[in-house]
Amino acid sequence: MVIETAEASPSLPDPTTVSFRTHRLTNTGSAAAVWSSVGATPFTDSSGTAVATISVPAGSYTTVQSDGTRWVVKPDSVSRRVFSASGVTDASGNVSFTFAPAFAAPPKVTHSVETAITDVTECRVSSVSASSVTFNVRRAPSVVILGLSVLQVPVPAAGVTVHCHAVGAGQGV
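Using our numbering, you'd call the opening residue of the sequence shown number 64 and step up by one each time.
Hints were generated in silico from the structure; no laboratory data involved. A hint or two may mislead.
To be verified - Label pairs and their computed distance ranges (CB to CB): (1) T85 x A232: 22 to 32 Å; (2) P73 x D130: 17 to 27 Å; (3) T161 x A203: 27 to 37 Å; (4) V206 x R87: 50 to 60 Å; (5) S82 x T161: 39 to 49 Å; (6) S110 x A232: 13 to 23 Å; (7) A103 x S192: 39 to 49 Å.
Glycine is no exception: its CB is placed at the ideal position from the N, C-alpha and C atoms.
With the sequences and hints as input, model every part of the structure.
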């Protein structure tokens, strides 16, 4: 695995010397990283075209494997954008996550909730865009009336940890 975090021009080894070696080129920087290697056209991109360099967008990764002649981009890994983070809800039961850099379109978002609250808890997406997502968490406290447990009107759940996972649209979750 090779991780590029700076605005540099990284390079892979000669693909003829490392047959069948695989590298995951990960770009955690804020701009595209352009990878090079030995030879006039050392890469075969996802469309099968021989190219001199491979560009990995910010916040993405691409997997390449040497076929003994060139670095071949693995078709299932072209610029897959993934975002994962955790946050704690505020007094209104809201928690927001900002995608940096933003996705090209609103991503597919999933979540899970981690809490010590024993009341019925719900978490929903209240807004999503290419640059952020906001979740709202509510709890429904219960009371016992004449031996019957009755749910009250839902109220905001403050202090709840929400785990967010976002994947670029069309890439699956």
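Hints, verified against the model:
Between T85 and A232 the beta carbons are some 27 Å apart, a value that agrees with the proposed interval 22 to 32 Å. A beta carbon spacing of about 20 Å between P73 and D130 agrees with the range 17 to 27 Å that was offered as a hint. About 29 Å separates the C-beta atoms of T161 and A203, a value consistent with the hinted range of 27 to 37 Å. Taking the beta carbon of each, V206 and R87 are about 53 Å apart, inside 50 to 60 Å as hinted.
For the pair S82 and T161, the beta carbons lie near 42 Å from each other, so the given range of 39 to 49 Å is met. Distance hint check for S110 and A232: the Cβ-Cβ separation is about 21 Å, which falls inside the suggested range of 13 to 23 Å. Checking the proposed 39 to 49 Å range against A103 and S192 shows it holds: the Cβ atoms sit about 42 Å from each other.
Checked against the numbered hints given earlier, the structure satisfies every one of them.
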